[in-house]
Amino acid sequence: FTNNDSAYRAAVALKKAGAAVVAIADVRPELSPEIRKLAAEAEAEIFAGHAVVATEGGKALSGLKLQRFDMANGALIGDARSIHADCLLMSGGWSPTIHLASQAGAKAEWNAARQAFLPPKPTQSWIGAGAFTGSFSTAEAIAEGRAAGLAAAGGPSAPSVLPVVEAVPGDPDPAPVFEIRAKGKSFVDFQHDVTAEDVRLAHREGFVSVEHLKRYTTLGMATDQGKSSNVPGLAIMAEALGKPIPEVGTTRFRPPFAPVSIGSLAAERFGDLKPERLTPMHDWHLANSATMYSAGLWYRPMIYGHAGETVEQAYVREAKATRESAGIVDVSTLGKIAVQGPDAAAFLDRVYTNMFSTLAVGKARYGLM
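Quick note, the sequence shown lines up with residues 1084 to 1452 if you use the working numbering.
There could be a bad hint or two in this list.
Said to hold, decoys possible - Below, a list of computed lysine-lysine pairs in the DSBU-like style, where the Cα atoms sit at most 30 Å apart: (1) K1204 <-> K1142; (2) K1357 <-> K1403; (3) K1098 <-> K1120; (4) K1142 <-> K1098; (5) K1266 <-> K1148.
Unchecked claim - Estimated spans, in silico, between C-beta atoms of each pair: (6) S1292 <-> G1346: 33 to 39 Å; (7) A1350 <-> A1378: 28 to 34 Å; (8) D1307 <-> A1093: 45 to 51 Å; (9) S1440 <-> M1364: 31 to 37 Å; (10) E1117 <-> A1226: 42 to 48 Å; (11) V1247 <-> A1137: 53 to 59 Å; (12) K1266 <-> A1349: 49 to 55 Å; (13) D1355 <-> A1250: 56 to 62 Å; (14) E1294 <-> Q1423: 57 to 63 Å; (15) L1284 <-> V1105: 33 to 39 Å; (16) A1350 <-> G1232: 30 to 36 Å.
Hints in this document: simulated from the structure, not taken from any laboratory.
Everything numeric in this text was worked out from a predicted model, so none of it was measured.
Just so you know, even glycine gets a beta-carbon here, dropped at the ideal spot from N, CA and C.
Make a model of the complete structure from these sequences and hints.
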């Protein structure tokens, strides 16, 4: 399912890899002869001017439904038809990786032809090339990369020969289609399950700033950080506001672009992940054969074991000794809050599920909040 030419080259590659490409649904009503030739090479039936409106299947995809699509008005026409398929691939255009340029302080600029945000002229010492600047073909990327490398090196110092790459047919500009208004949910962010209706709800609730939209809906907050969802989401908000996409803007990409492991951030600072909190009696407990356990971040004795005893034998022995004589427990790890005043007892009755106003002076009682 596509709105651009790159899907057809992908279909040919899939066919060569052994996949059976059943069909290509393209929202564009008119396709070039070169693109139709690629579809024929992939042995895929073309459904020009069609959109995928539903999928079928339970635990796995078994089919999908196609319906004619009026791209000029964004409307579906006629009845849907079903085709059998076990996999659905989507190609909606390209989103250049402009994160470093954004972090350098440059505000991204909307390119209507590419239907993507591109970096503006640099305000710092960096040079862009290839898909980063909206040049999506391999030949353009090689040529621009060479020019950028020479510029960074201060000019040509030795002749260089560019590799020869096969020219590929196709227009890099996708059709400006961001939503198919079919029945049911229309997902924008596939990882966080953000729908087109969620974006419109954010508009109705007043969360129209791109930063507010992001946090109200979690749009673009999944692991891909909006690489696949931001542009469609912003386009839907722009439509709701009645503004062009550039006026809605985009969020700033926060560093780092790729996740960094916690271990890398910690570097050589070794130690416990969680601090060990020890009471003043900790050494005494250990000297008396205590088996310690963690209570929160504190270490408290579980039993004072004798040689050859199991845990059960130890706590039965200790409980028996306490009942027959006396016992002392170290509960200095427990937090304490002093509640004072004439209505302190009534206040505690509201904090705990059990009653404390009936507790006599000098007595103690466990409570459940």
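Now the hints, each set against the structure:
This hinted pair does not check out: K1204 and K1142 have alpha carbons roughly 48 Å apart, beyond 30 Å. The suggested pairing of K1357 with K1403 is violated, with an alpha-carbon distance near 35 Å, which exceeds 30 Å. For the proposed pair K1098 and K1120, the alpha carbon gap of about 14 Å is at most 30 Å, so the pair holds. A hinted pair counts as satisfied when its Cα atoms are at most 30 Å apart, and K1142 with K1098 qualifies at roughly 25 Å.
Of the supplied pair hints, the one linking K1266 and K1148 holds, its CA atoms being roughly 12 Å apart against a limit of 30 Å. Take S1292 and G1346: their Cβ atoms lie about 36 Å apart, and the range 33 to 39 Å holds. The hint said 28 to 34 Å for the Cβ distance between A1350 and A1378, and at roughly 31 Å that hint holds. Between D1307 and A1093 the beta carbons are some 19 Å apart, a value that contradicts the proposed interval 45 to 51 Å.
Restraint check, S1440 to M1364: a C-beta distance of roughly 34 Å satisfies the suggested window 31 to 37 Å. Checked against the hint of 42 to 48 Å, the C-beta distance between E1117 and A1226 comes to roughly 22 Å, which is inconsistent with it. Between V1247 and A1137 the Cβ separation comes to about 45 Å, which falls outside the hinted range of 53 to 59 Å. Taking 49 to 55 Å as the suggested C-beta distance range, the pair K1266 and A1349 conforms, at roughly 50 Å.
Between D1355 and A1250 the Cβ separation comes to about 60 Å, which falls inside the hinted range of 56 to 62 Å. Our hint of 57 to 63 Å for E1294 and Q1423 is violated, since their Cβ atoms are close to 45 Å apart. Evaluation of the 33 to 39 Å hint for L1284 and V1105 yields a pass: the beta carbon distance comes to about 36 Å. Checked against the hint of 30 to 36 Å, the C-beta distance between A1350 and G1232 comes to roughly 32 Å, which is consistent with it.
Violation of the numbered hints given earlier is confined to hints 1, 2, 8, 10, 11 and 14; the remaining hints are satisfied by the structure.
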